[in-house]
Amino acid sequence: MPLREETLKIKPIRNGVVIDHITHGKALEVLRILGIGEGYTDEVSLAMNIHSKRLGKKDIVKVENRDIKSDEINKIAIIAPNATINRIRNYKVVKKEKVALPNEIIGIVTCPNPQCISNKEREPVKSVFIVVQRDPLILRCKYCEREVKGSFG
Amino acid sequence: MRWNKKHIISIRDFSREEIDFVLKKSRDMEKKLKLGKTSSLMKDKILANLFFEPSTRTRMSFEAAMKKLGGVTIGFDYPGISSEVKGETIVDTVKIAAGYADVIVIRHPIEGSARLASENVDVPVINGGDGSNQHPTQTLLDLYTIKKEFKRIDGLNICVIGDLKYGRTVHSLTNALENYNVNLCFISPWELRMPRRMVKGLEAKGIKVRETTKLNIKNFDVIYVTRIQKERFPDPQEYERVKDAYILNMDAIEGIKNEAIIMHPLPRVTEISTDIDNTKYAHYFEQARNGIPVRMTLLCLVCGVKF
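For the record, the sequence lines run as chains A and B.
Using this note's numbering, the letters of the first sequence correspond one by one to residues 1 to 153.
Using this note's numbering, the letters of the second sequence correspond one by one to residues 154 to 460.
Check the hints yourself; a few may be wrong.
Unchecked claim - In the EDC-like style, the derived pairs of lysine to aspartate or glutamate whose C-alpha atoms are separated by at most 16 angstroms in a straight line are:
| hint | chain 1 | residue 1 | chain 2 | residue 2 |
| --- | --- | --- | --- | --- |
| 1 | A | K126 | B | E272 |
| 2 | B | K353 | A | E147 |
| 3 | B | K239 | A | E123 |
| 4 | B | K318 | A | E123 |
To be verified - Across the chosen pairs, the derived CB separations fall in these ranges:
| hint | chain 1 | residue 1 | chain 2 | residue 2 | range |
| --- | --- | --- | --- | --- | --- |
| 5 | B | K353 | A | K96 | 34 to 44 angstroms |
| 6 | B | D245 | A | P114 | 19 to 29 angstroms |
| 7 | A | R32 | B | V395 | 40 to 50 angstroms |
It should be emphasised that the hints constitute simulated quantities derived from the structure, not laboratory data.
Here a beta-carbon is modelled for each residue, glycine too, at the ideal position from N, C-alpha and C.
Could you put together the complete structure from these sequences and hints?
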């Protein structure tokens, strides 16, 4: 059976996590969310602008020997709302899930408004954003009510 | 609708039914006030007025409202005498005030401060203005002024003039008017036009919106004027070019509808010439006065006082 073009581009991983259907161009931001950069020793593969039937183009990230935490999934949902998370054990997908954007995003996005109370360091407050629109994503700060759209991370 | 201990933070939190209820109760309150029947409604209750930035109308209006209800006001009206200068957080100041008072009014230049305050205390918090974000009691008294004059809000032709890009008052008013079937016209310099998302939001609710740079106010029932702020223009010459285009004087109001009302959140500078003050169209001072019954109503509602 001929190998699919996609599998040829990135080799399978033994144990770890595959993040598929990332909005094209956002793979590097996904790595940043996962804290992967200089000094990371396990194998990481990344492909950008891969053809996708569903999305037109997509990015893929594969990370060996790494699990993914729920707050990381929430962060990825903000920049790549269609991403899927595949947990791999012994080359097999043991758990597959779609990222899901919650109605309220707490403590992840920083409000771009410097006059917003959520940016005041000494006040006991976490940023809270309400999802106003999902695609394209528009969030509204619960505190200053400023709407933000575009790239988050 | 549960009003007891409700926080009044943003007009966005209000449904049409809730706005209409406040307007109806404000009318009842104004009647009671005229009959002198309000002076014991809030007897033994304390309002903490926490004004972290200067304000004259809002602070005096809340204070007067509380006095007319037989209550007492404590607090401060400029940050120099609050513990903020010693480095106290807003949340700490508000928690302290909540231990002394039955209701808190807060004005602070930091946006979202009133929302955060409300999340940290168990007494009702009323937003008296948080930076350029919200000033819900101003909007409610604006709507009350309109309703009082026309007995309705639906079906009115309303134009809003001035700084529509940055103006807190016009944004809150526009948010509230989304709930009504009105025709809106926004008149402003191109640089200061209403944010796109707000126009789209109105249109999505089926509200007719027109935008223009020309000061043509002949066909409107409500003419709502705001100040064009010099500091909003990066180029002072640009400000000089547009500032006089939006001045309401006797010439500009010639031919306006007989029943039209001119409103302004105040303070005004030059945008309404003083000779208009004595015409039947001028409603801005009455508008400010309407703050009393509206704020009395809100104070009673959130403190669970029946009237």
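Report task. Measure nothing beyond the straight line between the CA atoms of A/K126 and B/E272; if it is 16 angstroms or shorter, mark the hint as holding. Result -> holds (12 angstroms)
**Report entry** Restraint status (C-alpha distance of B/K239 to A/E123 at most 16 angstroms)
**Finding:** With Cα atoms ~14 angstroms apart, B/K239 and A/E123 stay inside 16 angstroms; holds.
Report task. Look at the Cβ atoms of B/K353 and A/K96 and judge whether their distance stays inside 34 to 44 angstroms. Result -> Because 37 angstroms falls inside the window, the suggested range holds.
Query raised in the report: In this structure, is the beta-carbon distance linking A/R32 and B/V395 contained in 40 to 50 angstroms?
Result: holds (44 angstroms)
Query raised in the report: Would the pair B/K353 and A/E147 pass a check requiring their Cα atoms to be no farther apart than 16 angstroms?
Result: The given pair, whose Cα atoms are some 14 angstroms apart, holds under the 16 angstroms limit.
Query raised in the report: Is B/K318 within 16 angstroms of A/E123, Cα to Cα?
Result: Not OK: B/K318 and A/E123 at ~29 angstroms, beyond 16 angstroms, violated.
Report task. Starting from the range 19 to 29 angstroms, see whether the pair B/D245 and A/P114 falls in it by beta-carbon distance. Result -> Taking Cβ atoms as reference, B/D245 and A/P114 lie about 22 angstroms apart, which means the hint holds.
Going through the hint list in order, the structure does not satisfy hint 4, though it satisfies all others.
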